[in-house]
Structure formats: structure tokens, C-alpha cells
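J.: The chain contents come next:
2 protein chains.
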Amino acid sequence: MNQPKNQQSAIRHALNVKREDDFAQWYQAVIAEAELAEESGVRGCMVIKPWGYGIWERIQKLMDERIKEAGVENCYFPLFIPLSYFAKEAEHVEGFAKEMAVVTHHRLIQDGKGGLVPDPEAKLEEPLVVRPTSETVIGAAMARWVQSWRDLPLLTNQWANVVRWEMRTRMFLRTSEFLWQEGHTAHADEADAMTETLRALEMYRSFAEDVLAMPVIAGPKPENERFPGAVETFSIEAMMQDGKALQAGTSHYLGTTFAEAAGIRYQDKEGQQTLAHTTSWGVSTRLIGGVIMTHGDDDGLRTPPQVAPQQIVILPMLRDNDGDEALLAYCEELRASLAKQNAFGERVRVLLDKRPGKATQKRWAWVKKGVPLILEIGGRDAEGGQVSALRRDRLWRQDGKVNFAAMARDAFVESAVGELEAIQNALFAEARDRRDAQIERGVTDPAGLATYFAEDRKFPGWVEMVWSKPTGAALDKVVEQLKALKLTIRNTPMGGEPVSGSCPFTGEPAVERILIARAY
Amino acid sequence: MNQPKNQQSAIRHALNVKREDDFAQWYQAVIAEAELAEESGVRGCMVIKPWGYGIWERIQKLMDERIKEAGVENCYFPLFIPLSYFAKEAEHVEGFAKEMAVVTHHRLIQDGKGGLVPDPEAKLEEPLVVRPTSETVIGAAMARWVQSWRDLPLLTNQWANVVRWEMRTRMFLRTSEFLWQEGHTAHADEADAMTETLRALEMYRSFAEDVLAMPVIAGPKPENERFPGAVETFSIEAMMQDGKALQAGTSHYLGTTFAEAAGIRYQDKEGQQTLAHTTSWGVSTRLIGGVIMTHGDDDGLRTPPQVAPQQIVILPMLRDNDGDEALLAYCEELRASLAKQNAFGERVRVLLDKRPGKATQKRWAWVKKGVPLILEIGGRDAEGGQVSALRRDRLWRQDGKVNFAAMARDAFVESAVGELEAIQNALFAEARDRRDAQIERGVTDPAGLATYFAEDRKFPGWVEMVWSKPTGAALDKVVEQLKALKLTIRNTPMGGEPVSGSCPFTGEPAVERILIARAY
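Those protein sequences? They're chains X and E, same order as listed.
Position 22 of the first sequence, counted from 1, bears residue number 17 in the working numbering, the numbering being contiguous throughout.
Position 16 of the second sequence, counted from 1, bears residue number 11 in the working numbering, the numbering being contiguous throughout.
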């Protein structure tokens, strides 16, 4: 589709708040206007609405294929975890104790005032925690399942809800309950476990970039940012349009921490009882927050074609007269020929939206939801064998009106798959270029950090620096310095040239690069 | 595949307990030996293992297609429900109060003795219930979403875990936590809501019969068996091999009960504020229990091809010598040509099981899991272009050995889809014939019931009787009489001839048929 240059003048956008004016408000507006989710009335919990849940279903389907492809098998483990399971691993419990929902009773009774209260007679002997993550309960199962070296590697995954009682919540990014997948694997030794940890990390990197069109940087996190109980935590970090970092997925090498706590031991080839090495890795509905803040614009969401519940929406311009029948027949034929195409190895998802309502209202509802291609078909289009098409990723306006490209119907059908692929690529390229332009490599000391991240700077990006990878008290000092600027070390990008020079924090020889950023 | 008659003599079966000897023990044995699930160590909660979860994934996929086909949209609602939501609907709360898990705290602290306790400082102001079902919390969302008659019907569904604190649990059939889908819809009037209730019921009936090969009888339940808060509850009832009934799915017309409690009101075409009529309908992991008790035999599970995670398993008879390479290449080619076939509108699911281990051990593991077709391929088969095939639904033995049918490879590939369809049909026909033979229509009074269901009778079936559909105290009396015999009225089969005669319980004119049975 050829479209003239975007005419920025006098544009009224579909949202009543722009990114540049108030990014947090804009984020809420996209969620509301694209009908992705809403507050539920239950503290910190959201209702995920059809378009938002549809994106999650796409994420589930495509991630699940990759998980199965790697030989990992899906299981389902209990929602409730006895307190004693947690108590076995001190660091893990310390990391989660502050945010756990605890079940203490299994029955309600009338309070005599028309209300209900937990029945004191039905108090649990041992309280149950609603899983914040499942290492402990899956570890207990692994201890039963792993007997011999022949049982390893043991590769499991579950799709589940988890609960972390967050004090400040934000839809998709930080909710008390969220949906995720958690992979849990057990291996004979560190080398095999680390290979799996990195396999999962690479799976997440390619998923984020190839499916969500969201560029990320993968690497190990510093010691102070590790998952409670992990020996090494790796993350993928994405840059949002306000320059902040979003940890979009993590993969942990857990050493023998959880194997010791749960007793995951196997008889090795020499007949010795040996502790297994475990890993865990997860991504969650948080990814949807990442998609919004990577691809949204002032007209709402732009949904990457691979995860769009509908990739093409056809809007017939109904007139409530005799012509409607022929128009609908034309649209239905168009729908059927599009639905036969394959894009990204699957059938094209196309919807003919026949609901009553004003065509322009319906158009803007789909624009805000970010459906990649929108077709408006009027009576004349139908007669002339034409379509009027709109690419959501480069919505443009002239004289305040959205301009559709008029095309011959057959030409559109032929080009549709190519357009969807082009949109997917364009969204990625745009996000990657913006991200790359916002990684600052000229800052070489803490004072430079303070300048770069000065309070009045709008949407600062990330700073890449070298450091000496301090540990213990020396690391604490760096973390404190950064904390004063509301900064954290996101991760250590993998690959790249060897580093030289000295660490701006410790003065010692630098050993690696780190990314410093504000973060969600 | 032609197979000689089953030679019953001197057969040693794969399970160490037979159905006829101890059905309950047999059920546990199938679950253990087919590696479907196991006790988790958390009271009443199970771990669903890969083969069991794989069946659930198949159920989810095929049911979800039907749900979407009906225009119902998936959403996700909170796990936690504030107590006050429940208190609004007295009958509903009375039905569930006795079995609700209650969250009272959101933080743990050290107890000073190395353990953990709920932090008294972190007590919730209002306790939260872990959803036993979601009418109340979805009703609250519907009250926000429904404003005008244009918003109706509102058709939503969620796939979720729910918790009902059961005192006596049994894997898949009755667990404290289980997985299900719950459809929730709102309509302008009773007629539209009832149409949806019956649509869901018919969806469940056809799913049970066409996909799970499990014959069911659909119909309304008597008043005393209604879902708490429902105006009418319909069920599908399946007969297990021990003659007991399993309620395998329910669909409820809820009238305006929940609309009143949550305030689901819309402006009708005349501008009046009007209460919506709602429905809910669900099936759960209980269906897997139904599949086991419908199709299992003394060698384990027989998994219906449509829900089998693998439909064909190829077992190469590896010899750890030079011949293995050619054998594996032959098997891989065979796998690839089978995987290209379509059965039931999807690609055939075929696994080449290359894991080390003795071939017969591996065979019996797959027999117990109930994979529909098992192929054993030895070196000679590979050289001769043959396969040795086994149909799991009619496993037969001669002289204590399982006899495979030898076939030309190409002939097998050509017939495979037909065999899978034949297995699906054969499992259904077998279950239907058994069920039909076990519905007793000759019992005409309560004394006859006592005889038919006498304690020493092994695996009694169901009794179909007529009755006058009493209500209130008269119904209570019937229920009490049946309870003394451990019987319940399952439902009123829909369709069929008009009834005549008088009700054996009340003496009044009979108006409909009922099914009386022991039940899970």
C-alpha cells in the first residue's frame, strides 16, 4: 500500500491523552480504550477482557509450541503450598514471605449480622500459601520422580495463575494475581542445567523479537537482582517508549538449592546418590504490558500481526437498505478468500464485523484495538471490485481524516499476507531503532549518570557502562548509589567485544558491560 | 486389521487389580500406571502428569473451538472473591459456604522457632474466598458491561482453576482444586437465556459422545439437585463400568437470581431498566475420570483417539548394534508419512519412541496409557517393508502373548486414519451398548428399587421410572426414600414418548421419566 507522508498538522488522536504528556495515563487509556482489561473491584486483580485475553491466547499457543518443541512436557501442580514446604529454603521464603496470600480456613459461617466470617472450627492445621511460584511444590514432585540418572533431564512446564500480594499494582505489569508459564527442569549436573537455562533464555529472546516484535537484550542479572534461591538469573530486558526497562522474562539456574530443600537425588552411573541441578524460567501476562508500551501510539494499541486475535477486520458500510445484501455477500466472499491465506505458517485470522452501529465508530474501536489491517467496504467498492484498506501501523490522516488506500480486491487479497509480514517487521524495526538510539554509551562515571537521569529529563533511555562486577559490600555500595537515582542494573548484555578500562564505581579493572536504567 | 478372537484363557493383565474385583482400586491403578496423575502431598490436590494433562489439553482445544464457534468470548476473572460478593445471594452462599478456602492474611513472618506464621499485622480487612465458581465476580463485571439491550446477549467463558474444600477426595472426580471452563452469559429475557442454556447442554452432549466416545443422557435435574441459585439445572449423565452415574457437565438457567444480586440491568427498547437473565455452564477435569471409567480395561486406559495426546506410537526394537541406524531411518520415514495424514480434521499425532529401554517394557507402558495404535518395528520388518500393529481397543493375546498383526507398511499407512476412526467408533459403540443394557425399565415401585439395588448386587445399572415431579415436602420424602438406598435422581431424559400411569412415590399421575442411580 502506498500512502502519502503523514500529515501531522491538526491531527486529533483517538485517545484523550498523548504518550508525551503523561505516559502512565496514556498506558491506562490504551488498556481501557482497546478493551484489554479493567480493574475487577478485587484489590490488585484485573479482569482480562476478550481482546486482551485473545492476545494472551496467541502468546500461549505460540510459546507452548516452542516449549513442546524443546521436549518439555506440560503438567499441572497444586495452587496451594503448605507453609512447611517454603520454610525449607530460607532465601526463597525471605524473598516471597512479604507478599504471600495465606489460606487459613476452609469454611464460612454466618456472623449473625447477615454477613459471613471464616468458621473458627474450620481453621487449617497448617496454613496454605497461594503459590507465588512453584519451585517448592514441583521440587517435592521431582523428588518422587527422579530416582536414577535415566530419569534426567526431567523437563516440565505449567500454565497457571500465581499470586504475589503487591502493594502498588498496575494492570498487566504488576497485579496481585497474574497468569504465566513456569518451566521447571532437573538435570544431572551444572553444565546440563546451564544449557537448559540458556536455551529457555534464547527461546524468550527470539519469542519477544520474532513474535511480539519487541526487541530485547538478554543477559545475566547482577547478584543483587537474582531470583530468591537462584545461583544465576538471566533476563530479557525491553525498552518501553518512555525509556524505562521492562524485565520481560527470566530464566534461573538454581544450582542444587531446591534439590537440597526437596531432596531431588538420583543414583548416578557409578551408583552414587547425587543431588540434581534445577532450573526455572517464566514469562507472564506482563508481556502484554510490554506490547502496549512498545507498540502503542496516540491512537491506541498497534497489535503485532502474530499475536493479534484478528489480523484483518472487514467493515461493511451498511446503509440499512436493499443494497446491504449484495454488500454483505461481497464482504463474505472477501473474508473467505482472505481466510484461505497462510501468514506466519497459520491461516489468516479475519473477521467480518457485521454488528450494527456507525461505521466510523466501529472503525475507531478497531483502530484503538490495533488490528493490523482494516478494510472498509462501501456499496461502490463492492460494485467496482475494490477495497479500501488501512494499515494500522502507519495510520495517517489528511485534513483531519484517515485516508484509506483504494485497491482492487484481487490485488489486496494477493498482497495481504505480505502486508501482515511487512507490518510485523516494521513494528520491530521501529522499536529496535528507537531502542538503539536511546542506549547511551557516553556516560563513564556516577556523576554522568546523575546528569543523564536528571529529574527534568523526559524519557531518558538506558546507560551502558563497564564495571568490575563487584560482590558483597562493594556491590551494595553501587546498588545504593544507583538507588538514590532510582536506577537499577538491568543485566549484562551477552556477546559483544571484550571490555577495557576501569570500573567507574570501584576503580578496579572493568570485566563486563552493564545496562543501567529506570525500570517497571 | 484382522485379529483372531480374543483368547481369554490364562491371560495375565497389565494391572494387578481387575475391575470386577475392586473397581475403586482398579481406578487408582489405572491413574497410577497410565501416569495420569498422583497425590501431591497437599490435601485433596493432585499433580496432573503429562499424559493426563495432555488429555486435558486435547479436551480444552476441542471444547474451546466449540465455545468460540458459538460466539462466546474468553476472558479471565479474579481467583479471589470478596466475602461481601457472596453474601448477596443467600442460596448460593449456603450451597458453597461449607467448602470454601478463605484467604485471611497477605504476609508471613518467622515464628521464632524456625517456622512461619501468618503475620497478624497483615490481616485482610475483608477475607477473600478462593473461587469455587465465578457467578458472583463475573456478575459484578456484567453489571458494568451491560447497559443497553444492544449489549445483550453477553457471552463469556473462562478456563480456570477453582477450589471446593471436599472432605473426601478422589483423583479427577472430586479434588479440592480442579480445572474447568465456566461459561457465563447474560440475556434480555428468559427465552433467550434458556436457548443458550440448552445450546451449552447440547454442546456438552455432542462433545461427550463424539469426542470422548462417552454416551450420556441429557436432561433437567430435579429441584433438589439444582445448582445453588439456579432456576433450572440440566446435566449430562454418563454410566461408568460399575454402573454408577457420573454427572459429566452441567448447564444452568439462573433466571434473574444473580442479576438481582449483582445489579445486571439494561435499558430495554422501550427505555425501561430491566433485569438480565443469566446462565452458566461448565465441564471440568472430572471428564478425565469419566474417560477412565468408561473406556479403561484390565490393561489400563484406552484413550479415545480424538483426545489421545499421541494417537500412534512407533516402537523400534533397538538392538544396540549396527542395524539400529537403518531401523531408525525406516521408523522415521514411517512416522513422517503417518504425520502427514489427517484424522478428525487434524494432523495425526504420532510419536517415534526412541528412548532406551526394553521394547516390551515400553510397549506395556503405552498399552497402559491407552495409545490407540502401537507399532513395533524390528529389523526384519524394516527390511521387508512391514509393520507389526496393535489396536489398543481390542488388545488380544494368545498363549499369554500379545499378538500383533503384521502388515505391509504402505497398507498400514493407508489404513491408519480409518483405523483411528474405527477405534473411536468402537469405543463409543461398546460403551453405549453396555449402558443401554444396564438401564432397567422393569422396576415400578420403591420396593423394586430396593431389590434392584440390593447390597449384594454387583454393579447395578440405572433404573428408569416415571414420576409426578413432586415439589417441596413431597419431593423431600422421595429424596429421603432414595437416600436410604444411597440413590439419587440423576435427571429427566429429554425427548422420548409421553408417559402414562401413576407415580410410584406419590400415586399421582406421572408426568415424566426419571433416572435413578448411585452416583459419583
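It is possible that part of the hints are untrue.
If chains are identical, the list can't say which one is meant, so a pair holds when it fits in one copy or spans any two.
Straight-line alpha carbon distances no greater than 25 Å define the calculated DSS-like cross-link-like pairs of lysine-lysine that follow [as the list claims (entries may be wrong)]:
hint, residue 1, residue 2
1, K264, K453
2, K478, K93
3, K56, K357
4, K63, K349
5, K464, K83
6, K83, K239
7, K239, K472
8, K93, K83
9, K108, K83
10, K335, K481
11, K108, K93
12, K13, K63
13, K56, K13
14, K349, K264
Honestly, the hints are just simulated from the structure, not real lab data.
J.: Each of the hints needs a verdict: does it hold here or not?
T.: Right, here's what the structure says about each hint:
1. Taking the closest pair of Cα atoms, K264 and K453 never come within 25 Å of each other, the shortest separation being 60 Å inside a single copy and 50 Å across copies.
2. Taking the closest pair of Cα atoms, K478 and K93 come within 25 Å of each other only inside a single copy of the chain (21 Å); across copies the shortest separation is 49 Å, beyond that limit.
3. Proximity of K56 and K357 under a CA criterion of 25 Å is satisfied in neither setting, with 28 Å inside one chain copy and 30 Å between copies.
4. In this homomeric assembly, K63 and K349 come within 25 Å of each other (Cα to Cα) only across copies, at 17 Å, whereas the closest approach inside a single copy is 38 Å.
5. Proximity of K464 to K83 under the C-alpha cut-off of 25 Å is found in neither arrangement, the shortest distances being 30 Å within a copy and 58 Å between copies.
6. Proximity of K83 to K239 under the C-alpha cut-off of 25 Å is found in neither arrangement, the shortest distances being 36 Å within a copy and 44 Å between copies.
7. For the identical chains of this complex, K239 and K472 are intra-copy neighbours only, at 23 Å inside a copy versus 69 Å across copies, given an alpha-carbon limit of 25 Å.
8. Taking CA atoms no more than 25 Å apart as the test, K93 paired with K83 passes inside one copy only; the shortest distance there is 16 Å, against 32 Å between copies.
9. Only between protomers do K108 and K83 lie at most 25 Å apart by alpha-carbon distance; the minimum there is 13 Å, versus 42 Å within a single protomer.
10. With identical chains, the CA atoms of K335 and K481 are never at most 25 Å apart, being 51 Å at best within one copy and 56 Å at best between copies.
11. Proximity of K108 and K93 under a CA criterion of 25 Å is satisfied inter-copy only: 18 Å between copies versus 33 Å inside one chain copy.
12. Proximity of K13 and K63 under a CA criterion of 25 Å is satisfied in neither setting, with 41 Å inside one chain copy and 35 Å between copies.
13. With identical chains, the CA atoms of K56 and K13 are never at most 25 Å apart, being 33 Å at best within one copy and 40 Å at best between copies.
14. In the homo-oligomer, the alpha carbons of K349 and K264 lie at most 25 Å apart only across protomers (20 Å), although the nearest pairing inside one protomer, at 66 Å, exceeds that limit.
Checked against the numbered hints given earlier, the structure breaks hints 1, 3, 5, 6, 10, 12 and 13 and satisfies all the rest.
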